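There are 2 protein chains.
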Amino acid sequence: MNEKGLLLVLSGPSGSGKDTILTELEKRESNVKISISMTTRKPREWEIDGVHYYFVTEAYFMRQLESGQVLEHAQYGGNYYGTPKNPVDTWLNEGKTVILKIEVQGAEKIRNLYPSSVSVFLMPPSLKVLEERLRKRESEEEEEISRRILTAIGEIKRSIDYDYYIINDIVNYAVSDICAIIQAEKQKTSRMKNIISEVINNA
Amino acid sequence: MNEKGLLLVLSGPSGSGKDTILTELEKRESNVKISISMTTRKPREWEIDGVHYYFVTEAYFMRQLESGQVLEHAQYGGNYYGTPKNPVDTWLNEGKTVILKIEVQGAEKIRNLYPSSVSVFLMPPSLKVLEERLRKRESEEEEEISRRILTAIGEIKRSIDYDYYIINDIVNYAVSDICAIIQAEKQKTSRMKNIISEVINNA
Chain B
820 MNEKGLLLVL
830 SGPSGSGKDT
840 ILTELEKRES
850 NVKISISMTT
860 RKPREWEIDG
870 VHYYFVTEAY
880 FMRQLESGQV
890 LEHAQYGGNY
900 YGTPKNPVDT
910 WLNEGKTVIL
920 KIEVQGAEKI
930 RNLYPSSVSV
940 FLMPPSLKVL
950 EERLRKRESE
960 EEEEISRRIL
970 TAIGEIKRSI
980 DYDYYIINDI
990 VNYAVSDICA
1000 IIQAEKQKTS
1010 RMKNIISEVI
1020 NNA
Chain C
820 MNEKGLLLVL
830 SGPSGSGKDT
840 ILTELEKRES
850 NVKISISMTT
860 RKPREWEIDG
870 VHYYFVTEAY
880 FMRQLESGQV
890 LEHAQYGGNY
900 YGTPKNPVDT
910 WLNEGKTVIL
920 KIEVQGAEKI
930 RNLYPSSVSV
940 FLMPPSLKVL
950 EERLRKRESE
960 EEEEISRRIL
970 TAIGEIKRSI
980 DYDYYIINDI
990 VNYAVSDICA
1000 IIQAEKQKTS
1010 RMKNIISEVI
1020 NNA
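Chains B and C supply the protein sequences, listed in that same order. Just so you know, my numbering puts 920 at position 101 of the first sequence, and the rest follows in order with no gaps. Just so you know, my numbering puts 835 at position 16 of the second sequence, and the rest follows in order with no gaps.
Hints were generated in silico from the structure; no laboratory data involved. Do not rely on the hints blindly, as some may be mistaken.
Which copy? The list can't say, so a pair holds if one copy fits it or any two copies do.
[Stated by the list, open to error] Calculated pairs, BS3-like style, for lysine-lysine (alpha carbon to alpha carbon, straight line, at most 27 Å):
1) Lys928 x Lys976
2) Lys1005 x Lys846
3) Lys852 x Lys1005
4) Lys823 x Lys920
Given the structure is predicted, the values throughout are model-derived calculations rather than measurements.
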């Protein structure tokens, strides 16, 4: 119905369950495309290039950045992370729903670049649950866990800037909420102005 | 999750299918309450008091109006129509989703009285389909049909003031869109401020 697709930004503390939610969402919604970030950090053992991230060199990252091909980027633990622009714009022009999994600073940048984008903040049921989830990841050391919890608190404090707020207690419910948000947003009058004009002009 | 329920205003030209949609919606969503309007007009043969309308005398209507018990009202074909205030506020306090089926002037009043309410405009697929649907209603005379189409055109021109726009081509899809809107609206950050404050204060 719309000429362009819907851009949805998903943020949430590390351990809020973003990846689980997105894997489920992709299964349910064929029109959804999930943007893959670029990073200069080394892949973890289980991570696959082009699936979890595009693992790139710092030189490549910088070239892309300078040529305006990175929508938002951040430096984190000495590494760069960024969202490639080209696939996002291509998918939006094809009418797809494009999902960006990014942190709060990046989300703010996207809101400015794409004012009609929609943002969703994913919350773990509590900080206690968040800590438990982080501990289950064997890759994380104690110091890293503490650091992530501090970061999470900072992010939660900025969650009020988001359009929607989902508490990820039961995965299926959270996915259903995101599906409902996508479906509802497509019916927003502000997104249907062309159709409405057409109806009015034919009336 | 919310302390108060969601107020949803549904408008659309006569023949857009509001009643069919609401009957289906009530079957699917147990938390939905549909406000019943008062009117001073005589019931049609198939109309039941307390189901389609509360059929009241003009004297009763005026007393309710003067005591502030009518949220919005309109005069139409020499008769009064109005939305009783009390059930709406009671249901909202109980956390229900309350649906008001009202015309465009009334919708504007509700928007001012309940700024966090949500409005949905239901469109027939085309004016031609609208005319066909009106003709199928045996109760309508030719002059009445022409008058309703003129009114519809005026209403469609004001549809841009609504939050959401649904084209009622296939009933099940339109109902599913309204369900998605209700589900999504409940996740709006603006409606979850209390929960978010609690999480932030405990962080």
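Hint-by-hint comparison with the structure:
no.	hint	verdict
1	Lys928 x Lys976	within (18 Å within a copy, 35 Å between copies)
2	Lys1005 x Lys846	both (20 Å within a copy, 24 Å between copies)
3	Lys852 x Lys1005	both (16 Å within a copy, 25 Å between copies)
4	Lys823 x Lys920	within (20 Å within a copy, 31 Å between copies)
Of the hints listed earlier, there is not a single one the structure fails to meet.
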